[in-house]
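K.L.:
For chain A, the structure is supplied; the task is to place chain B on it using the hints.
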Amino acid sequence: NAGVTQTPKFQVLKTGQSMTLQCAQDMNHNSMYWYRQDPGMGLRLIYYSASEGTTDKGEVPNGYNVSRLNKREFSLRLESAAPSQTSVYFCASSEVGSAYNEQFFGPGTRLTVL
Amino acid sequence: AQSVTQPDIHITVSEGASLELRCNYSYGATPYLFWYVQSPGQGLQLLLKYFSGDTLVQGIKGFEAEFKRSQSSFNLRKPSVHWSDAAEYFCAVGPPFGSNYQLIWGAGTKLIIKP
Numbered sequence: 064n065a066g067v068t069q070t071p072k073f074q075v076l077k078t079g080q081s082m083t084l085q086c087a088q089d090m091n092h093n094s095m096y097w098y099r100q101d102p103g104m105g106l107r108l109i110y111y112s113a114s115e116g117t118t119d120k121g122e123v124p125n126g127y128n129v130s131r132l133n134k135r136e137f138s139l140r141l142e143s144a145a146p147s148q149t150s151v152y153f154c155a156s157s158e159v160g161s162a163y164n165e166q167f168f169g170p171g172t173r174l175t176v177l
Numbered sequence: 010a011q012s013v014t015q016p017d018i019h020i021t022v023s024e025g026a027s028l029e030l031r032c033n034y035s036y037g038a039t040p041y042l043f044w045y046v047q048s049p050g051q052g053l054q055l056l057l058k059y060f061s062g063d064t065l066v067q068g069i070k071g072f073e074a075e076f077k078r079s080q081s082s083f084n085l086r087k088p089s090v091h092w093s094d095a096a097e098y099f100c101a102v103g104p105p106f107g108s109n110y111q112l113i114w115g116a117g118t119k120l121i122i123k124p
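Chains as they are written, first to last, in the working numbering: chain A, 64 to 177; chain B, 10 to 124.
What the hints contain is simulated information worked out from the structure, not anything from laboratory work. From a predicted model like this one, the values you see are computed outputs, not experimental measurements. Yeah, the Cβ is synthetic: ideal placement off N, Cα and C, and Gly gets one too. Just so you know, not all the hints are guaranteed correct.
Said to hold, decoys possible - Sample of chain B residues facing chain A (criterion: CB under 7 Å; computed from the structure): (1) Gln51; (2) Gly52; (3) Leu55; (4) Ser108; (5) Tyr110; (6) Gly115.
What the hints assert, rightly or not - The calculated EDC-like cross-link candidates involving lysine to aspartate or glutamate, where the alpha carbons are at most 20 Å apart (straight line), are: (7) B/Lys119 x B/Glu73; (8) B/Lys119 x A/Asp101; (9) B/Lys70 x A/Glu165; (10) A/Lys72 x A/Glu136; (11) B/Lys70 x B/Glu97; (12) A/Lys134 x A/Glu115; (13) B/Lys77 x B/Asp17; (14) B/Lys58 x A/Glu158; (15) A/Lys72 x A/Asp101; (16) A/Lys72 x A/Asp89; (17) B/Lys119 x B/Glu29; (18) A/Lys77 x A/Asp101; (19) B/Lys58 x A/Glu165; (20) B/Lys58 x B/Asp94; (21) A/Lys72 x B/Glu97.
As the list claims (entries may be wrong) - Covered by chain B, per the in silico footprint, the following chain A stretches (three or more residues, Cβ under 8 Å): (22) 100 to 114; (23) 151 to 157; (24) 161 to 168.
Next comes chain A alone, as it looks inside the complex (with noise of 0.2 Å):
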């Protein structure tokens, strides 16, 4: 079981480049979130999928759109990157949505916009 895994694992784009972090589970979630850490502030929600689907944006969406491929693949797109989008970016998983569920992360990418 590879868990949750994320391409690329690095990654530095100009301002006005687009790009598609790409996320993939093998634990037969439901769920799937992506996530944004920046240095001094917790985690913050991008977007969600509660189910193969379905997303629903989150704490801070603008500037990126997502898209539930399949119940494996959650995928993050950035259409015209800027300098505010440089942040380590973290897909995650669980079984289903509720709090219950324990969320289980990837090793996230690095994205830096110069």
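P.N.:
Same frame as chain A, but now just chain B:
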């Protein structure tokens, strides 16, 4: 406003010494409480959680946490740290019977172990 505060950005502890990481929260009701650990280059992993009942909660890797309602705190403890405990620790809170996407996260405390 709902918030989670981890007052210590960094803590340095000698190997074998005891550890306490602080977490204070501001929340309308008694929330669900969590501690996660992020080892270098890894994703976050759940250490322990509190929903109700016994206020002293045991977790993995020898960690425990105590919920103190009167102090709105959920401090993480370990009697004797090992070099492998060097990591960043995050406290999170969420609404009772709520959802993972409603969690509020602290800014984290980085634990440094002195040999």
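K.L.:
Run every hint past the structure and note whether it holds.
P.N.:
Right, here's what the structure says about each hint:
1. Gln51: holds, 6 Å
2. Gly52: Nearest chain A Cβ about 3 Å off; hint holds.
3. Leu55: This hint holds: B/Leu55 lies near chain A, its Cβ roughly 5 Å from the closest one there, short of 7 Å.
4. Ser108: For B/Ser108, the interface hint holds, since the closest Cβ of chain A sits about 5 Å away, which is under 7 Å.
5. Tyr110: holds, 4 Å
6. Gly115: holds, 5 Å
7. B/Lys119 x B/Glu73: holds, 17 Å
8. B/Lys119 x A/Asp101: It holds: about 14 Å lies between the C-alpha atoms, which stays within 20 Å.
9. B/Lys70 x A/Glu165: Judged against 20 Å, a Cα distance of about 16 Å means the pair holds.
10. A/Lys72 x A/Glu136: holds, 16 Å
11. B/Lys70 x B/Glu97: Holds. B/Lys70 to B/Glu97 sits at ~14 Å (cutoff 20 Å).
12. A/Lys134 x A/Glu115: OK: A/Lys134 and A/Glu115 at ~5 Å, within 20 Å.
13. B/Lys77 x B/Asp17: Distance ~19 Å between B/Lys77 and B/Asp17 Cα, so the pair holds.
14. B/Lys58 x A/Glu158: holds, 16 Å
15. A/Lys72 x A/Asp101: holds, 16 Å
16. A/Lys72 x A/Asp89: holds, 18 Å
17. B/Lys119 x B/Glu29: The given pair, whose Cα atoms are some 12 Å apart, holds under the 20 Å limit.
18. A/Lys77 x A/Asp101: holds, 19 Å
19. B/Lys58 x A/Glu165: Given pair B/Lys58, A/Glu165 holds - Cα atoms ~9 Å apart, limit 20 Å.
20. B/Lys58 x B/Asp94: Holds, at roughly 18 Å.
21. A/Lys72 x B/Glu97: Roughly 19 Å between the alpha carbons, so the hint for A/Lys72 and B/Glu97 holds.
22. 100 to 114: Holds, because 8 residues of the stretch 100 to 114 of chain A bring their Cβ atoms closer than 8 Å to Cβ atoms of chain B.
23. 151 to 157: Three-residue rule met by the stretch 151 to 157 of chain A, so holds; n is 3.
24. 161 to 168: The restraint on the stretch 161 to 168 of chain A holds, since 8 of its residues have a Cβ under 8 Å from chain B and three suffice.
Hint compliance for this structure: every hint is met.
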